[in-house]
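Asker: Chain A is already provided as a structure; the job is to place chain B on it using the hints.
The listed protein sequences correspond, in order, to chains A and B.
Each residue of the first sequence is one higher than the last, beginning at 1 in the UniProt record's numbering.
Each residue of the second sequence is one higher than the last, beginning at 1 in the UniProt record's numbering.
Any given hint could be a false lead.
Claimed, not checked - Calculated Cβ distances over 12 Å to all of chain A for the following chain B residues: (1) G31; (2) E44; (3) G55; (4) Q59; (5) E75.
Unchecked claim - To give an idea of the interface, some chain B residues facing chain A are shown, with a C-beta separation under 8 Å as derived from the structure: (6) R48; (7) R88; (8) A93; (9) H135.
Hints in this document: simulated from the structure, not taken from any laboratory.
Predicted model, so just to flag it, every value in this text is computed and none were measured.
Even glycine gets a Cβ: it sits at the ideal position worked out from N, Cα and C.
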Amino acid sequence: MIARTLPRMLGKGAHLSRSFATSIQARAPLVSSNYRIASGIVLSRTPQITRDSTPFEKAYFDYSEKLERQSAIPLPADFYFKKGSLAERRWKEDEAARMKAMADPKLSLSEAVKETQVKQEDADVTTQMNKFETGSRLSEADKKNDIKSLNRALQRTLYLIVKKPRDQHAWQFPQGAVEEGEYLHDAAERELEEECGKNMDVWFVGRQPVGHYAYKFPEDHVAKYPGATGAKVFFMKAHVFAGQCNPDNKEVVDFAWVTKDELPNYVSPEYFNAVKDMLSDL
Amino acid sequence: MSLFARTGRLSLSRQQLLRAAAPAPVTGGSGDQRLEIIRRVLFEQPTRETPNLEGEALQQHETIERAWKLHQNQERERRNRELEKKFRKMSAAMNELEKTSDRLFKAAIVKSRHITFPREMKIPTETPSPQGWNHDYTPPVEVVPAKNS
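Chain A on its own, in the form it takes in the complex (with noise of 0.2 Å):
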């Protein structure tokens, strides 16, 4: 208890809840008619890029494109080119894709160019030099299905849930229980780091929770510890936007970053339901 205590003293107290939070000596949880009340941390990380275009989408966006491109006023190329220049050599072939695609109502327009300009890299050797280096939209992770890894599935919202050391509903949000004096925001807080450690550059969006959950204890651990027949979890969002857990090994075993389709693979179904609303589909 003292060496959970102090390392928060010393640390950034500077917050008035806080300094007041540390200053009561006797940390029981809060309990309040018969449910402890705890404090979970929705932590997700917000979609990387954008996502894939449905095939109805490419089709429409192919379709204005060409129509935009028939009622545009033609570029005047001997303004912009230097007569007999690579550039211009260049930008011909791409007209010449252009006009090519403006026929075959399969092919988009920017395809056409992205073939040629391929092309017209492999056959220079000054435009691999300066060649402008983009990530892949399928990372290393997608492809070694690395559920750690924060760069997986970066057009889906990602949200960690965390393992605890026993057998029945080991995979949840990380949470922990709010203790006397205590205000939520304040014990998720302390929670994720005490859980997942402080390599984390995470912001919480609010005080208020965005969601919450109620659940009876196992009669046996009741029978243990008396005094709460269940608990009440109050979810707080929170963003990431660096690092990466860093399990402390006792609380917590494992973690995952998994997406909300994901989840039911690792928590029980009255788990699932109770948080699945304030997830995002996407």
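Answerer: Just chain B now, kept in the frame of chain A:
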């Protein structure tokens, strides 16, 4: 007085511009080609012609546009439904919190005085950063005031 001088100077430079833009007098055939091109690009923009759709083509176009509007509508409704679910969940949680603990509820509805928005927040891009996610982040070291003991 100064105003006049200024306008006079301006009109002079404009005259020069116009003279430059005017078709170069044919002097032995070696006139600057570039001026001719600039003049043409600046002043002789061909007008944009609107595609003239008729009959079946027009019908086709309208069908496509209608389908796109429908798609956008569905997408918007899907997003609104998702937001509504989140909102309902939030208000249910707040109601539950009010019943559970007055102290926690009051703390939750108090807005922080220092409302900040993280500049690290970013919108999705077409391709990800080539460096990928920064997994090795460590928090900045806090400056601990020197102890006097």
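Asker: Work down the list of hints and note, for each, if the structure agrees.
Answerer: Against the structure, the hints come out as follows:
no. : hint : result
1   : G31  : holds, 16 Å
2   : E44  : violated, 10 Å
3   : G55  : holds, 17 Å
4   : Q59  : holds, 15 Å
5   : E75  : violated, 9 Å
6   : R48  : holds, 5 Å
7   : R88  : holds, 7 Å
8   : A93  : holds, 4 Å
9   : H135 : holds, 4 Å
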